[in-house]
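Chains as they are written, first to last, in the working numbering: chain A, 1 to 184; chain B, 1 to 276; chain C, 1 to 294; chain D, 1 to 848.
The hints are simulated quantities; they were obtained by calculation from the structure and are not laboratory data.
Given the structure is predicted, the values throughout are model-derived calculations rather than measurements.
Check before you lean on any hint, since a few could be wrong.
Said to hold, decoys possible - Below, computed lysine to any residue pairings styled on SDA-like, alpha-carbon distance capped at 25 Å:
id : chain 1 : residue 1 : chain 2 : residue 2
1  : A       : Lys-136   : D       : Lys-587
2  : A       : Lys-136   : D       : Arg-468
3  : A       : Lys-136   : D       : Asp-264
4  : D       : Lys-374   : A       : Pro-74
5  : A       : Lys-136   : D       : Asp-693
6  : A       : Lys-136   : D       : Lys-588
7  : D       : Lys-374   : A       : Gln-99
8  : D       : Lys-374   : A       : Thr-37
9  : A       : Lys-17    : B       : Phe-262
10 : A       : Lys-17    : B       : Asp-5
11 : A       : Lys-136   : D       : Leu-270
12 : A       : Lys-17    : C       : Tyr-120
13 : A       : Lys-136   : D       : Asp-297
14 : A       : Lys-136   : D       : Leu-401
15 : D       : Lys-647   : D       : Lys-345
16 : D       : Lys-345   : A       : Thr-133
17 : C       : Lys-218   : B       : Glu-102
18 : D       : Lys-674   : D       : Asp-693
19 : A       : Lys-136   : D       : Leu-285
20 : D       : Lys-437   : A       : Thr-37
21 : D       : Lys-588   : A       : Gln-99
22 : D       : Lys-674   : D       : Thr-279
23 : A       : Lys-136   : D       : Thr-329
24 : A       : Lys-136   : D       : Arg-315
25 : D       : Lys-374   : A       : Leu-101
26 : D       : Lys-374   : A       : Arg-132
27 : D       : Lys-374   : D       : His-402
28 : A       : Lys-17    : B       : Gln-20
29 : A       : Lys-136   : D       : Val-465
30 : D       : Lys-587   : B       : Gln-20
31 : D       : Lys-437   : A       : Pro-71
32 : D       : Lys-460   : A       : Pro-71
33 : D       : Lys-345   : A       : Thr-41
34 : A       : Lys-17    : B       : Thr-247
35 : A       : Lys-136   : D       : Arg-458
36 : D       : Lys-345   : D       : Leu-285
37 : A       : Lys-136   : D       : His-402
38 : D       : Lys-460   : A       : Ser-114
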Amino acid sequence: MAGFRGLPLFAQIFGRKDGTGTEAMSPRTRQLSARTTGSQTTRSVCPYCAVGCGQLVHHRDGELVAIEGDPESPINQGTLCPKGAASLELLTHPARLTQVLYRAPHTRAWEVVSTSWAMDRIAQLVWESRARTFVKEVAGERVGHSSAVAHLGGATLDDEENYLLKKLFTAGLGLVSVSNQARI
Amino acid sequence: MAIGDGLASNNQRRHLYVEQQVTVGFFTDPTLCIGCKACEVACKEHNALPHDGFVFTAMSYDNTGALGASSYRHVKFVEETALAPDAPPGFLFLSDVCKHCERAGCLEACPTGAIVRTEVGGVFVQDDICNGCGYCVVSCPFGVIDRRQGPVPGAGGAHKCTFCYDRQKDGLVPACAKTCPTESIQFGPLSELRERAEARRQTLLDRGIAGVSVYDPSSVGGIHALFLTVGDGARFGLPSSPEVPTTHLRAAWSSALLTSLFAIVASALAFWGAGP
Amino acid sequence: MTSPEPQTSYHGQPVLKPPVWTWEVPAYFFVGGTSGMSGVLALGSLAGEDSLLLTRGLLWVALVGALVSPVLLILDLGRPARFLNMLRVFKWRSAMSLGVWTLIAFTSCAGTSVLLFEGYAVLVRELGVAAELVTVALSTAIALTAVFGALLATYTGVLLGASAIPVWAANRALLPLHFGVAGLGSAASLAVLLAGDSTPLLLLLAAAAAVETLLLIKNEVSGRGRVVLAPLRRGSGATRLRIATLLMGPVALAGLMIGAAELSALAFLAGSLLSRYAWLALGRESARDPRAVL
Amino acid sequence: MPGLGTTLGRGGATTAPQDLLRADCILIQGSSMAEAHPVAFRWVVAAKERGATVIHVDPRFSRTSALADLWIPLRAGTDIVLLGGLIRHVLEHELYFREYVLAFTNASVLVGEHFRDTEDLAGLFSGYDPEQGAYDGASWRFAGDDPARPERDETLTDPRCVLQLLRRHFQRYTPELVRDVCGVPPELFAQLARALTDASGPDKTAALCYAVGWTQHSKGVQIIRAGAILQLLLGNVGRPGGGILALRGHASIQGSTDIPTLYDLLPGYLPMPKAGVHTSLDQYLGAVRSRGGGWHDADGYVVSLLKAYYGGRARADNDWGFDFLPRITRDHSHFGYFMEMMDGKVEGLFVMGQNPAVGGQHARFERTALSRLKWLVVRDLVEVETASFWYDSPEVRRGELHTTEIGTEVFLMPAAGHAEKAGTFTNTQRLLQFRDKAVEPPGDAKSELWFVHQLARRLKEMADVSARSEDEPLRALDWWYPENEHGEPEVHAVLAEINGYHTEPDDGAHHGPQVAGFADLRADGSTACGCWIYSGVLGPDGVNRARQRAPEGAYFHGWGYAWPADRRILYNRASARPDGAPWSEAKKLVWWDHERRRWTGLDVPDFVADKAPDYRPPPGAVGLAALRGDAPFVMQADGLSQLFVAKGLADGPLPSHYEAIESPVDNSVYEQQKNPVARLHVRPDNPLAEPGDPRFPIVLTTYRLTEHHTAGGMSRFLTHLAELMPELFVELSPELATSLGIEHGGVATVVTPRGAVQARALVTARMRPLFVAGRWVHQVAMPFHWGGRGHVTGDVTNDLIPLLGEPNVGIHEAKALCCALFPGPRPPDASIPRYLAAMAVRPTPERV
Ligand SMILES: Nc1nc2c(c(=O)[nH]1)N[C@H]1C(S)=C(S)[C@@H](COP(=O)(O)OP(=O)(O)OC[C@H]3O[C@@H](n4cnc5c(=O)[nH]c(N)nc54)[C@H](O)[C@@H]3O)O[C@H]1N2
Ligand SMILES: Nc1nc2c(c(=O)[nH]1)N[C@H]1C(S)=C(S)[C@@H](COP(=O)(O)OP(=O)(O)OC[C@H]3O[C@@H](n4cnc5c(=O)[nH]c(N)nc54)[C@H](O)[C@@H]3O)O[C@H]1N2
Ligand code: SF4
Ligand code: SF4
Ligand code: SF4
Ligand code: SF4
Ligand code: SF4
Ligand SMILES: [Mo]
């Protein structure tokens, strides 16, 4: 009988309703709640442009649920532009890379390699290229650099990351061909 | 309320409108809109909507084209070619959305009760009920609701703006209004918005902007998503006098009943008269 | 290009959504109309004499149509498995809701009628139910079949008329008549084809054809220049509707006049079917034209 | 950002978008703020609603123009003429804010007598060496010996004083010139001038917003200089609702200039040592330090940086490891080394968060250059075109490159996204905002922090067993960071090093307590600091100020941390009169509290807190003490903003108009056609159109769309963004479309000497031909977000753009060049010769 009572028609007849209001709601509708409800929230900053809008990253059990503007941020006061609003898809879309891909010289296809192998190989390549091309001095002037191993990028990276990159590449390895979007 | 009120603004603060059964709405103001489409994206992200095709329409910067089963917000780009060669061109943006009509054609038409009126006055399609009969589609005088074509989640059912009923139940502002960077979309109690819309109209008239009006057609008993229009509303694709389809019921049923009567009588007469 | 036309619509885009319905819906209109009006004829046939066989046939047509109708309806649903949700509510303002309830009522009545009709002997002779009682029940059932049948045949006009599609809404009063009469004529035509012609059937067919002829004329002469009615003037919907009403009206009449009853019946049936498709096409075209509502 | 750096003292926006709310007028020029910084534009709209006048100067009528009160269309690349016209207007009509200009700028300073202006030398300044294509700026110096106390003429009448030089220099920038060069009618110019000058004065301010619409020119720095001069003359810098808002690009572009991954800078805007120039630490410090002003303390910053880099190996006896640092010898910038790459001189390249195959200039050149590498490491969220150049590029499709012939070893490594790692972004308003990590990155995706740390560990191990002297810096590198369970260094440890610490550990720890700010930094090895301007972000109390989220007050201190020292409006001492009182009640920000004898107000004073307004430096004073109490530009040797820049710019002390390198017209301002010191990189694989080349009569400018992000890696792969702008298009006027037979919505091909690109035609009255120097000039505009991958693909606009560089920062010229336009698609092989042949016979389009 409970099922029958739950039927909107019943509610309609006995409640003199026209079937367009809450009486016609399904159990699911009655239980609706926002997808962010009950999730954990981490404060973040939009990864796209330099406006630096505050974001709230909602996640549950290690999975992202939603990313929205942080209403407390004095920069954006909860709002976001279309890019910021698409941040969830940015992190969750299926084209995200999840493995290290490697292409050997002259071959036609990617292969999946382990991260540690790739790191060892990259370290080796850096080491060799730098050794081959290191210039100690030019015309008696101290140079101490290699310009043949280059770096590009940084404006999407964190300050801490750029700091370590510059420290390793320039202060450690003596690489000078270092550039990022600020140049262009 | 002004842009920059932040947490104090209706667009950001949590609310109890559902519990308190306050009728809420939108007021969308093209004179504040920057055509960024954040509202479209935020809506799609929140509702996990599929894309609507990657089609270049050449309709200014609008490649969404229309509201539909997978686009609940649609920013319209109205470009006016310069009338005088050196006058600045007009370029107006208006974020269109379901009107959540006071007398909603879709709601009245729905045979399953899938469409309901919520506590806050929104018109809500219950996806778990809708059987995809499509009657709401031809019953919306604004061309809003549509049946989603597969193969995508929610295919076969009719969809449109939910007024973020799920969010509102938890005291959250609709995703589109919350994200709008310039508060071109304002969310709040409908009565307040009506006043604000009128005040805005007056302000703009005072600033010398001609042809400003509030779009709130009485022919459907008023709408819950008010718009400001500049110049001819037709440029924004807003019907001048939308009709609630059920206003035609009287005439149509009268005709149906008379026809029925005619058929029954005629057939009786035919057999009776033709009898021996 | 420097003196542009004033903008009268949003990039010429449609304001309304076209109907999403496919072939099943007009087919259902046709089947529902024919079977519904067969119920009406069944009632009428009771007034005649010696037409019990005809009554029986008409009831069967009504029942078969009643059973085919939901199949067509369901086929068109975006989510066919949810057809039964139609029974969750009863909404008098929704022509679709009323229609479905009508269909159910009609199916029940037609089914009951057929059952009573076919079970008459068993009921009276073997189960000993009073013959009067069965007769009254049967007559009532047939009467109700007729009433619901007539509504079934005409509500589809309400369904379209009470919509936002301008050309449908503009014809709200006409469509139930148009569809009802088409149903009546179709029922008569089908009966002619199945049971052979008889005066009452031919009379009814003639009456239906006459009404459709009038409607054809009305469509051609009135409403010129009205934007909402533009689809009736030009386009594939208009062509289809012209052919359909020509078939139902003048052609069927002509057939009757030359005594080719079967031909008339066939023409009418074809026109009747086509007219439903025509109206769907007209609806699509109407929805596409922003001028009709801006 | 030397435009702002040389003029004002620091290379950052002086203000924040939120402060625009207090502006009476907002001039947006060289930016489409509503489109590229939509949320920052929120504050423009808010200001407009409060009555501010919003002006947009842009070749395109854009979504920004739509919201502006006034749109001024101009020919791309002519901003200096318009700004020069405004400067002239302000000077000629004595509309400048005299008290401000006199006290806070170097208007009264006298320039040495050897200086010759462009007026005298047909568009060149004195000191030009045509052989080198470079200036010797010696003759641009101020009169007198002590830069901290230059000779001044407070009456502003001496013909050698900066104000009079300005007057003379801009004399020819008349409204008529503006009309003839920019295409701006005099009435419109007058409206603009009125709006700006009306919003200037003690109780009014106007703000200026610019972005890459100004920088991406062969004279970008000087355009910014012109804007800054105008703002200074109007008295708008350092005041609420005023200032110059440089709208920067990526999430942490400001951060990546502050802590630069750039060849010529070290953290905190310290220059990279140059071979043969900075031969010793002393020599280096001599060049970096100034006698007066904030740069005097640079020795502490430099030594602390070396201590942060080399730890215990940086000692007094080895010049704190100064010689561990490499020296730069030439242009090692993006373009510089891509040229070398093309010539086979670069072996390996790391690309971390950039996509030069699409975003790079002359992208076709850059993609081809990639194929000459021995190895390439790309780290990104998706497989961007830079990673797939060897099998999926226009060059491979056209048969210019063959996959199996490409010997490059390519690594494509998955990067962690912003919510998958913790770290700090520095936004356009110099605000450091720390993000916590929300979730783990997917699969094998790792942060750059992890990557560089793991690479460093491996390389340091190799160095430890090598005996080579060149590996000494690597062995010396202080790589002390504790690791977390993922093998990632603790981000707070890195931030602590950036902030700086006392080197003396208490108890066997790596270091002592963190320093409280850059004032604590010493040149004696007792402090280490990775980036002095960030010092204070993670002080001795251990509070990460970049992570703070408790905003308070009008400038919401307590939300993030703004460098330097949490000052939100730079040079804010200028918001008070020389005597320390606010200019007006309406525009008060920082003022002198006579009672407490301190600067106080709504912001952290950008000034020595207790230096009285009437302070006059004693003879022999150095550093900040050498600056007067009414000199707000504390990073300048004289404490004044520099209307005339005597030192530090490659292309002259004053902005002067040169045509874009590719321009349809001759320079009508000077005989000198183009920036004489622009880096042209002319070579057969980088051809340029000559000025007025009849084959390329149309001005092409490029821009971004709200719906996409730069090279597309963060937008083309997202359905919700890709569907909004699915195809590359070119915007053109109805007049041009008619004359070329191009249909709205149809396909057109854009051709420059470097490439041919196909796009859909968006014919719109928002693009407008301009009447320039007696003829109609047409402009077309293209976004540049498409490439070969993602949900939506298309030709690469940057295949059209030349590789050439502005002389100070090497920025390319993507905002003004020349092209030809054809109806219809380009042939699959993009055979440019075919187009060039066809072009020879085409008449120049006219307005129809
Ligand atoms: N949606 C979105 N936002 C972004 C980005 C993005 O890709 N998409 N990118 C970010 C990045 S990296 C950056 S650097 C910024 C850039 O931000 P903006 O500089 O605002 O971006 P653009 O669209 O490249 O150029 C701005 C305007 O300059 C105009 N312009 C072109 N030539 C000239 C000229 O000669 N003079 C003047 N006055 N104007 C000219 C163009 O028409 C355009 O409207 O945006 C950031 N924000
Ligand atoms: N014609 C023309 N060309 C232009 C311009 C123009 O105005 N006109 N503008 C120029 C300007 S201002 C700029 S800034 C450039 C921009 O051009 P690019 O910097 O080349 O382009 P982006 O697409 O921003 O590249 C950033 C990449 O970083 C990736 N990424 C994001 N976060 C991370 C992370 O945490 N780690 C790693 N490893 N990767 C990450 C993104 O997926 C993206 O692929 O384009 C320039 N090109
Ligand atoms: S939300 Fe938009 S404006 Fe804000 S930081 Fe992100 S990209 Fe920039
Ligand atoms: S606009 Fe259409 S879909 Fe929305 S409530 Fe009204 S009738 Fe329904
Ligand atoms: S399609 Fe769904 S929502 Fe629309 S009328 Fe039918 S059942 Fe109701
Ligand atoms: S209210 Fe919610 S569902 Fe409706 S348009 Fe806004 S975001 Fe979309
Ligand atoms: S988010 Fe706001 S400003 Fe952006 S398009 Fe939508 S309504 Fe307009
Ligand atoms: Mo950028």
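To see whether the hints hold, each was checked on the structure:
With a CA separation close to 56 Å, the supplied pair Lys-136(A) and Lys-587(D) exceeds the 25 Å bound. Distance check on the hinted pair: Lys-136(A) and Arg-468(D) sit about 11 Å apart at the alpha-carbon level, within 25 Å; holds. Between Lys-136(A) and Asp-264(D), the direct Cα distance comes to roughly 18 Å. Compliance with the 25 Å bound is thereby established for this hinted pair. Our distance criterion of 25 Å between C-alpha atoms is broken by Lys-374(D) and Pro-74(A), whose separation comes to about 47 Å.
For the suggested pair Lys-136(A) and Asp-693(D), the alpha carbons sit about 46 Å apart, so the restraint of at most 25 Å is broken. Between the alpha carbons of Lys-136(A) and Lys-588(D) the distance comes to roughly 56 Å, so the proposed pair goes past 25 Å and is violated. Distance hint between Lys-374(D) and Gln-99(A) is fulfilled; the C-alpha atoms sit about 22 Å from each other, no more than 25 Å. With a CA separation close to 51 Å, the supplied pair Lys-374(D) and Thr-37(A) exceeds the 25 Å bound.
A hinted pair counts as satisfied when its Cα atoms are at most 25 Å apart, and Lys-17(A) with Phe-262(B) does not qualify at roughly 33 Å. Distance hint between Lys-17(A) and Asp-5(B) is unfulfilled; the C-alpha atoms sit about 41 Å from each other, more than 25 Å. For the hint linking Lys-136(A) to Leu-270(D), the alpha-carbon distance of about 23 Å falls within 25 Å, and the restraint holds. Our distance criterion of 25 Å between C-alpha atoms is broken by Lys-17(A) and Tyr-120(C), whose separation comes to about 42 Å.
A C-alpha spacing of about 31 Å is found between Lys-136(A) and Asp-297(D), which places the hinted pair above 25 Å, so the restraint is violated. Taken as a hint, the Lys-136(A) and Leu-401(D) pair is broken in the structure, with Cα atoms around 35 Å apart against an allowance of 25 Å. Between Lys-647(D) and Lys-345(D) the alpha-carbon distance is near 34 Å, which puts this suggested pair outside the 25 Å criterion. For the hint pairing Lys-345(D) with Thr-133(A), the CA-to-CA distance comes to about 9 Å; that is within 25 Å, so the pair holds.
The hinted pair formed by Lys-218(C) and Glu-102(B) fails the criterion: a straight-line CA distance of about 36 Å is larger than 25 Å. Proposed proximity of Lys-674(D) and Asp-693(D) is supported: the alpha carbons are some 15 Å apart, at most 25 Å. About 22 Å separates the Cα atoms of Lys-136(A) and Leu-285(D), which keeps this hinted pair within 25 Å; it holds. With a C-alpha separation of about 20 Å, the suggested pair Lys-437(D) and Thr-37(A) falls inside the 25 Å cut-off, and the hint holds.
This hinted pair does not check out: Lys-588(D) and Gln-99(A) have alpha carbons roughly 56 Å apart, beyond 25 Å. For the suggested pair Lys-674(D) and Thr-279(D), the alpha carbons sit about 35 Å apart, so the restraint of at most 25 Å is broken. Taking the CA atoms of Lys-136(A) and Thr-329(D), the gap is near 12 Å; set against the 25 Å cutoff, the hint holds. Note on Lys-136(A) and Arg-315(D): the hinted pairing holds, with a Cα-Cα distance of about 22 Å set against a maximum of 25 Å.
For a cut-off of 25 Å, the pair hint linking Lys-374(D) to Leu-101(A) stands: about 17 Å separates their Cα positions. Of the pairs offered as hints, the one joining Lys-374(D) and Arg-132(A) holds, with about 12 Å between alpha carbons and a cut-off of 25 Å not exceeded. Note on Lys-374(D) and His-402(D): the hinted pairing holds, with a Cα-Cα distance of about 16 Å set against a maximum of 25 Å. For the given pair, Lys-17(A) sits about 21 Å from Gln-20(B) by alpha-carbon distance, which is consistent with the 25 Å threshold.
Taking the CA atoms of Lys-136(A) and Val-465(D), the gap is about 20 Å. The hint holds against a cut of 25 Å. Distance restraint check for Lys-587(D) and Gln-20(B): the Cα-Cα separation of roughly 44 Å exceeds the 25 Å cut-off, and the hinted pair is therefore not satisfied. The hinted pair formed by Lys-437(D) and Pro-71(A) meets the criterion: a straight-line CA distance of about 19 Å does not exceed 25 Å. A hinted pair counts as satisfied when its Cα atoms are at most 25 Å apart, and Lys-460(D) with Pro-71(A) does not qualify at roughly 45 Å.
Distance check on the hinted pair: Lys-345(D) and Thr-41(A) sit about 49 Å apart at the alpha-carbon level, beyond 25 Å; violated. Of the supplied pair hints, the one linking Lys-17(A) and Thr-247(B) holds, its CA atoms being roughly 20 Å apart against a limit of 25 Å. Between the alpha carbons of Lys-136(A) and Arg-458(D) the distance comes to roughly 23 Å, so the proposed pair stays at or under 25 Å and holds. Taken as a hint, the Lys-345(D) and Leu-285(D) pair is broken in the structure, with Cα atoms around 32 Å apart against an allowance of 25 Å.
At most 25 Å may separate the alpha-carbon atoms for a hinted pair to count; Lys-136(A) and His-402(D) exceed this at roughly 37 Å. A C-alpha spacing of about 21 Å is found between Lys-460(D) and Ser-114(A), which places the hinted pair at or below 25 Å, so the restraint holds.
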